[in-house]
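Q: Take a look at the letters that make up each chain.
Number of protein chains: 2
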Amino acid sequence: MTIPPVKALLFDVFGTVVDWRSSVAREVEALNRAKGFNLDATGFAVAWRALYQPGMDTIRKGERPWVKLDLLHRENLDILLDRFSVRGLPEAERDRLNRAWHRLDPWPDSVPGLTRLKAKFILGTCSNGNVALMVNMAKHAGLPWDVILGAEPAQAYKPQPECYLRSCALLDLPPDACMMVAAHNNDLVAASKCGLRTAFVLRPHEHGPSQTTDRKAEHAFDVVAESFVDLADRLGC
Amino acid sequence: MTIPPVKALLFDVFGTVVDWRSSVAREVEALNRAKGFNLDATGFAVAWRALYQPGMDTIRKGERPWVKLDLLHRENLDILLDRFSVRGLPEAERDRLNRAWHRLDPWPDSVPGLTRLKAKFILGTCSNGNVALMVNMAKHAGLPWDVILGAEPAQAYKPQPECYLRSCALLDLPPDACMMVAAHNNDLVAASKCGLRTAFVLRPHEHGPSQTTDRKAEHAFDVVAESFVDLADRLGC
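Line by line, the protein sequences give chains A and B. Residue numbers for the first sequence, in our numbering: 1 to 237. Residue numbers for the second sequence, in our numbering: 1001 to 1237.
No lab work stands behind these hints: they were computed from the structure. Be careful, since some hints might not be right.
[Unchecked claim] In silico lysine-lysine, BS3-like type, Cα no more than 27 Å apart, as pairs:
| id | chain 1 | residue 1 | chain 2 | residue 2 |
| --- | --- | --- | --- | --- |
| 1 | A | K68 | B | K1068 |
| 2 | A | K118 | B | K1120 |
| 3 | B | K1216 | A | K139 |
| 4 | B | K1120 | A | K7 |
The following block holds chain A by itself, in its conformation from the complex (with noise of 0.2 Å):
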């Protein structure tokens, strides 16, 4: 399927591209070995997440300034250190373990299908993430994105409408020329008001093998894809 209007493809991340709940898990296995912890790690990661809504919630409510999102993980895994009853982890520790949102894994197509679909559109992120976590994510991960843009850019967090707008402002193009690609309902929703062109990528897995949320297309979104290689085939690359 092609789509000639569109110039740029507008990546949420977190989920969308990488898989956080592995990743991050990952990471806290690799605490436990190495200070003789035992903690639950996918339990670890999944209360992370859950966290997170909650912590952009007072920023959007305008009850707080905008701050980046590697200070509102910060201040989540305090919170969650205290609750899995961690005491005294030294600050260099709590700061590799924070970064641990800068390490997330690709699924297998991301790279695949990104490299593609580079050839034919303008790649930038349109994620929660600030710009250092996305740039050294990419590094770490491989993402050959073009450009990245999302929540620190446009200082306000998705689903504000801001957030895509000034995204789309950014690269000179109207919202029409721009299509959001997102793993999550509510976030092609939010685009798609904006004006966004929307292409939905089922990750069923995101939240592992019992997930129940968007497990599929719930809205008249203009692409639906199996995978990124799934998306490019559908965009013609």
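Using the hints, position chain B against chain A.
A: Coordinates of chain B only, in the frame set by chain A:
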């Protein structure tokens, strides 16, 4: 020469990475052919570039709010078309000519050198060009940037300190973990005052065969290189 603490290279682009003079002249030649004009193509390119600094100066002095370089280029183009006695060129053709700056060609060593440097360092632009200009140029010229930084994200034009410092901050790096790469002494002096490391790359033909400025490094920069390939050698890539 290996400089272990440097994590990111920040690049000046116009003149350092791409040959604006020949590239813009080529687009003016194309306009001559298409419209039966007889413009001095190189003279037009040089005159356009001569209006570059004055356009930014009003913003640097605070006499005007920050606007994108695309807009400054367009205002200067309209002035020049009038000066060169081109009347009635339609809006779409003026816009297309203005985007000549999005289609500049790299120096022959730029892509090979950047490709080697990318394996070891984060490669960011720190140009006065706006994000769309930089992204479109990278697609045209095959420039393998990891991230687009510089004037638009910083809302400040080099050599204002905010342009360098905000670029480092977006990477969450201290200035001395970043190295500014430029063919212009004044750019590197300004970056150095902000605490960045500096690499001078010689571009003796940016202004044509009789160039008089920036023919050598005039200060004690950390690295002086003959080309981007030489820079890769000197940085141990």
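Q: Any hints from earlier that this structure breaks? Give me their numbers in increasing order, please.
A: 3, 4
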